[in-house]
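Asker: Chain A is fixed; fit chain B onto it per the hints.
Each chain is listed here by its residues.
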Amino acid sequence: MLSNIGFALVISILILSFIIIYTASLDLKTSSRFITKNIYQLSLFQTTFTALSFFTLIIGFVNSDFSLINVYENSHTTKPFFYKIAGTWGNHEGSLLLWVNILVIFSYLFLIFNHTHDKKFRLYTLIFQNILILGFVFFLLLNSNPFDSIYPIPLEGLGLNPILQDPALAIHPPLLYVGFVGCSIYFSAAMASLLSAYGGRLFAQSIKSWVKVSWCFQTLGILVGSIWAYYELGWGGFWFWDPVENASLLPWFAITALMHSLIVLEKRNTLYYWVIILCLSTFILSVTGTFLVRSGILNSVHTFASDPSRGIYILSFLSIMIFSALIIFFLKHKKENYNFTLKSRETFILANNWFMVFFLVTVLIGMLYPIFLDVLTNVKISVGPPYFNIVIIPLVVPLMFLMAIGPKFGWIKSQKILLYKTLFLILGAVVINLFIYFFFGKYSFLSNIVFIAAIFLILHSLLDFKKFINVKKKFEIPRVISHLGFGLLVFFIGINHQFSLEEDFNLKVGETKKTNNYEINFESIKIKKSKNYKAVIGSFKLTNLKNNLEEYLNPEIRIYSNPETLTYEAAIKTKINSDLYLTMSNISRSDYYNIKFQNKPFMIWIWISALIIVLGGFVQLSLKKNED
Amino acid sequence: MKINISKIIIFSFVIFCLFVFQKGLKIDNSYDTKSLIGNKISKFQLSEINIHDLYISEEDLKKNKFTLINFFASWCAPCRAEHKYLVKLSSENNEIKIIGINFKDKKDNAINFLKELGNPYNFVGKDLDGKISIVFGVYGIPESIIVNSDLTIIKKIIGPIDQIQYNEILSTIQ
Numbered sequence: 001m002l003s004n005i006g007f008a009l010v011i012s013i014l015i016l017s018f019i020i021i022y023t024a025s026l027d028l029k030t031s032s033r034f035i036t037k038n039i040y041q042l043s044l045f046q047t048t049f050t051a052l053s054f055f056t057l058i059i060g061f062v063n064s065d066f067s068l069i070n071v072y073e074n075s076h077t078t079k080p081f082f083y084k085i086a087g088t089w090g091n092h093e094g095s096l097l098l099w100v101n102i103l104v105i106f107s108y109l110f111l112i113f114n115h116t117h118d119k120k121f122r123l124y125t126l127i128f129q130n131i132l133i134l135g136f137v138f139f140l141l142l143n144s145n146p147f148d149s150i151y152p153i154p155l156e157g158l159g160l161n162p163i164l165q166d167p168a169l170a171i172h173p174p175l176l177y178v179g180f181v182g183c184s185i186y187f188s189a190a191m192a193s194l195l196s197a198y199g200g201r202l203f204a205q206s207i208k209s210w211v212k213v214s215w216c217f218q219t220l221g222i223l224v225g226s227i228w229a230y231y232e233l234g235w236g237g238f239w240f241w242d243p244v245e246n247a248s249l250l251p252w253f254a255i256t257a258l259m260h261s262l263i264v265l266e267k268r269n270t271l272y273y274w275v276i277i278l279c280l281s282t283f284i285l286s287v288t289g290t291f292l293v294r295s296g297i298l299n300s301v302h303t304f305a306s307d308p309s310r311g312i313y314i315l316s317f318l319s320i321m322i323f324s325a326l327i328i329f330f331l332k333h334k335k336e337n338y339n340f341t342l343k344s345r346e347t348f349i350l351a352n353n354w355f356m357v358f359f360l361v362t363v364l365i366g367m368l369y370p371i372f373l374d375v376l377t378n379v380k381i382s383v384g385p386p387y388f389n390i391v392i393i394p395l396v397v398p399l400m401f402l403m404a405i406g407p408k409f410g411w412i413k414s415q416k417i418l419l420y421k422t423l424f425l426i427l428g429a430v431v432i433n434l435f436i437y438f439f440f441g442k443y444s445f446l447s448n449i450v451f452i453a454a455i456f457l458i459l460h461s462l463l464d465f466k467k468f469i470n471v472k473k474k475f476e477i478p479r480v481i482s483h484l485g486f487g488l489l490v491f492f493i494g495i496n497h498q499f500s501l502e503e504d505f506n507l508k509v510g511e512t513k514k515t516n517n518y519e520i521n522f523e524s525i526k527i528k529k530s531k532n533y534k535a536v537i538g539s540f541k542l543t544n545l546k547n548n549l550e551e552y553l554n555p556e557i558r559i560y561s562n563p564e565t566l567t568y569e570a571a572i573k574t575k576i577n578s579d580l581y582l583t584m585s586n587i588s589r590s591d592y593y594n595i596k597f598q599n600k601p602f603m604i605w606i607w608i609s610a611l612i613i614v615l616g617g618f619v620q621l622s623l624k625k626n627e628d
Numbered sequence: 001m002k003i004n005i006s007k008i009i010i011f012s013f014v015i016f017c018l019f020v021f022q023k024g025l026k027i028d029n030s031y032d033t034k035s036l037i038g039n040k041i042s043k044f045q046l047s048e049i050n051i052h053d054l055y056i057s058e059e060d061l062k063k064n065k066f067t068l069i070n071f072f073a074s075w076c077a078p079c080r081a082e083h084k085y086l087v088k089l090s091s092e093n094n095e096i097k098i099i100g101i102n103f104k105d106k107k108d109n110a111i112n113f114l115k116e117l118g119n120p121y122n123f124v125g126k127d128l129d130g131k132i133s134i135v136f137g138v139y140g141i142p143e144s145i146i147v148n149s150d151l152t153i154i155k156k157i158i159g160p161i162d163q164i165q166y167n168e169i170l171s172t173i174q
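Chains A and B, in that order, give the protein sequences. For the first sequence, counting from 1, position 466 maps to 466 in the working numbering; every step adds exactly one. For the second sequence, counting from 1, position 141 maps to 141 in the working numbering; every step adds exactly one.
Here chain A stands alone, though its shape is the one from the complex:
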């Protein structure tokens, strides 16, 4: 039953897309200044049907309707309610439906919110967006239909991979999708802008909010994924330069560059073609990332059961997208004159773009090189953290200086810089760094420089923040917040990296292990039965030898029944100044457990810093609203 309803809804999305493209093409030729009412109505219908189709799938998951293959393969009756819902997008087919939802909803919202802009531009955007929608709906129907049914109806489902049963991971995909698929709207808008010759300032204004929204969600999505990796994968790390993480970073670099150069386009009406390139490449990179992950070329936790025909489809679609974007761009491209003075704000924003492009290319090479080598020469290598750290970290230093100083330059001609203030702040940063260096521990020369730059950016941003609050220049505040967040992020990652402690040993119940600062007592073990798993829970007493404070930690080994899997749940005690992190794993045929204990300073501040970066984006969006 659900299968038929869902299928009918998806078909109606498809038909509406065709009708919208047709009506919009007709409307392009009319002389009226306004878009016809029909298009608004069709678009609203399309949005409603899409939302309903997703809702139908959610109902299938909530009611454990195993007549749907998708529900049968990814759910189970004993699964908690929350994860039944999250299971809807925790698989390839369901997430593709979510993807279509976002395409459609953004298409509609862009249509109604940009009513002040040129008609032709809006119609072309609608047409391109609907071509994208068609592409993905066809993919859904031909290859990955979440509404495929199965007969005879199984009594029980296969269950969702337990490591995906986690609150952070339940919200991670929707956030990322709003971020990545949201880019589609300014991909379409950029194509439309080229075709309708609606460029410059007005184009920048029409896509500004959409760029910010998708930037905020991308950043948030990456952050949540990272938090999940921290406490679920049980290694105590939070970023691994894993190919899939890299795939998510590529569009983020492009969109961050875009967000900055949009300012120049809006204020100075220049850099138009560069902005277009960034608009196009952000979405192209998002789809490329999706292709690499979904086709199984990159293996990771994100690879749903891989299927080559799926890969072929996305690849063909990607090729069409890239070639049409390239051809339209080259046909419409004209030479632009740039006349900035060296010390103007535009130069600094362009500098930001160079950094972002450099990071993008670095990560792209690190990600693609192993694939190319494997395909062309059959040699398997993996590019890991050393490469990324060596290439990227040194460049973060000048970036942070520019992030502090750059925005101080006025438009075109800069006023005299407050050289003394800068020098004074650098001195302050050096002193603080030396304080950390001598009182907490030694670290390398490069780390010193990174700390100084980060502290400089933090101090600078704090002073700016105070100043802008006083003079009520509220439009500068979001930028200061995000830049402050970045400085804090680098600072705390550095601290965390330098001062983390890690101990690895084996213990059995009743034994005590002494490390440098802690005494760890394995007190007892108990077994708990939960709805969909059985857990072996250890109780550990940790005594801090310095101040005799006692902490109790309870790591778990969970044995999930559907599908049968072991997961190791870390026990994490988060405090304002450090995280205590303890995992235990069983040693087969032995009373001993392998214990991994870590003390990670300022862990929570890494998350807070990243949230501050996002906060800047949301503050800016809310300012926009108030202004209207």
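Hints may be right or wrong, so weigh each one.
Here chain B is said to cover these stretches of chain A; the calculated rule only asks that three of the stretch's residues, wherever they fall, bring their Cβ under 8 Å from a Cβ of chain B [stated by the list, open to error]:
1. 314-324
2. 373-379
Subject to a maximum C-alpha distance of 25 Å in a straight line, what follows is the list of computed PhoX-like cross-link-like pairs (lysine-lysine) [claimed, not checked]:
3. Lys40(B) <-> Lys156(B)
4. Lys131(B) <-> Lys380(A)
5. Lys2(B) <-> Lys335(A)
6. Lys508(A) <-> Lys106(B)
7. Lys40(B) <-> Lys380(A)
8. Lys514(A) <-> Lys106(B)
9. Lys267(A) <-> Lys472(A)
10. Lys106(B) <-> Lys596(A)
11. Lys65(B) <-> Lys155(B)
12. Lys380(A) <-> Lys26(B)
13. Lys332(A) <-> Lys2(B)
14. Lys335(A) <-> Lys7(B)
15. Lys573(A) <-> Lys526(A)
16. Lys546(A) <-> Lys573(A)
17. Lys104(B) <-> Lys513(A)
18. Lys62(B) <-> Lys126(B)
19. Lys126(B) <-> Lys43(B)
20. Lys107(B) <-> Lys513(A)
21. Lys26(B) <-> Lys7(B)
22. Lys514(A) <-> Lys107(B)
23. Lys62(B) <-> Lys40(B)
24. Lys104(B) <-> Lys115(B)
25. Lys107(B) <-> Lys596(A)
26. Lys267(A) <-> Lys119(A)
27. Lys131(B) <-> Lys104(B)
Hints were generated in silico from the structure; no laboratory data involved. Quick reminder that beta carbons are idealized off the backbone N, C-alpha and C, glycines included.
Answerer: Frame of chain A, contents of chain B only:
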């Protein structure tokens, strides 16, 4: 559209990338090391964990009738569990020589590990960054490979050796 060098470069680059992606789809990524049985092991050179300039290579294995190459680390819990079978194998059987490859480990920890549980190895090689183990097709430890005197892999044990596998090893080398 005027055609110029930069456009040609951009288009060729895109086409090349898409071509590689398309080829990449056909590569079988399911990595199953069981299929290595019957293959010869690749060339390698291993240095001894204690003595820096003492090396072993595939040539040295040709002298042994059978060689079991075991990948282990002190941080690996199942390695601890399987260790007694290796000790038993080395003391009860002269047909087979055992080489240990210490995988991504700290030297001191590895030495303590062997002190505590006994050293069944005729040679302990170090592989601090795990690169040499990749040559043998290892993707997790513990793992063991048995090769004969012409360096062909005749058995592969993924995961810890237990009593059942111990018996299988004995029947393999008979």
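Asker: Now tell me if each hint is right for this structure.
Answerer: Now for the hints, and whether the structure bears them out:
Check on the segment 314-324 of chain A: 5 of its residues sit with their Cβ under 8 Å from a Cβ of chain B, so the three-residue criterion for coverage holds. Counting residues of the segment 373-379 of chain A whose CB lies closer than 8 Å to any CB of chain B gives 3, so the stated coverage by that chain holds, three being the minimum. Pair hint Lys40(B) plus Lys156(B) holds up; C-alpha atoms about 13 Å apart against a cutoff of 25 Å. Of the pairs offered as hints, the one joining Lys131(B) and Lys380(A) holds, with about 11 Å between alpha carbons and a cut-off of 25 Å not exceeded.
The hinted pair formed by Lys2(B) and Lys335(A) meets the criterion: a straight-line CA distance of about 13 Å does not exceed 25 Å. Distance check on the hinted pair: Lys508(A) and Lys106(B) sit about 23 Å apart at the alpha-carbon level, within 25 Å; holds. At most 25 Å may separate the alpha-carbon atoms for a hinted pair to count; Lys40(B) and Lys380(A) meet this at roughly 18 Å. Restraint check: the Cα-Cα separation between Lys514(A) and Lys106(B) comes to about 20 Å, which is no more than 25 Å; the hinted pair holds.
A C-alpha spacing of about 20 Å is found between Lys267(A) and Lys472(A), which places the hinted pair at or below 25 Å, so the restraint holds. This hinted pair checks out: Lys106(B) and Lys596(A) have alpha carbons roughly 15 Å apart, not beyond 25 Å. For the proposed pair Lys65(B) and Lys155(B), the alpha carbon gap of about 14 Å is at most 25 Å, so the pair holds. About 15 Å separates the Cα atoms of Lys380(A) and Lys26(B), which keeps this hinted pair within 25 Å; it holds.
Simply put, Lys332(A) and Lys2(B) have alpha-carbon atoms about 11 Å apart, close enough for the 25 Å limit, and the pair holds. Note on Lys335(A) and Lys7(B): the hinted pairing holds, with a Cα-Cα distance of about 15 Å set against a maximum of 25 Å. A distance of roughly 20 Å separates the Cα atoms of Lys573(A) and Lys526(A); the hinted pair therefore holds under the 25 Å criterion. With a C-alpha separation of about 18 Å, the suggested pairing of Lys546(A) with Lys573(A) holds against the 25 Å cut-off.
A threshold of 25 Å between alpha carbons decides the hint, and for Lys104(B) with Lys513(A) the separation of about 24 Å falls inside it, so the pair holds. In summary, the hint linking Lys62(B) to Lys126(B) is supported, as the alpha carbons are separated by about 20 Å, within the 25 Å threshold. At roughly 16 Å between alpha-carbon atoms, Lys126(B) and Lys43(B) fall within 25 Å of each other, so this suggested pair holds. In summary, the hint linking Lys107(B) to Lys513(A) is supported, as the alpha carbons are separated by about 21 Å, within the 25 Å threshold.
Proximity of Lys26(B) to Lys7(B) is assessed by CA-CA distance (about 29 Å); at most 25 Å being required, the pair is judged violated. Of the pairs offered as hints, the one joining Lys514(A) and Lys107(B) holds, with about 21 Å between alpha carbons and a cut-off of 25 Å not exceeded. Between Lys62(B) and Lys40(B), the direct Cα distance comes to roughly 12 Å. Compliance with the 25 Å bound is thereby established for this hinted pair. A C-alpha spacing of about 19 Å is found between Lys104(B) and Lys115(B), which places the hinted pair at or below 25 Å, so the restraint holds.
Between Lys107(B) and Lys596(A), the direct Cα distance comes to roughly 19 Å. Compliance with the 25 Å bound is thereby established for this hinted pair. Proximity of Lys267(A) to Lys119(A) is assessed by CA-CA distance (about 23 Å); at most 25 Å being required, the pair is judged to hold. Between Lys131(B) and Lys104(B) the alpha-carbon distance is near 9 Å, which keeps this suggested pair within the 25 Å criterion.
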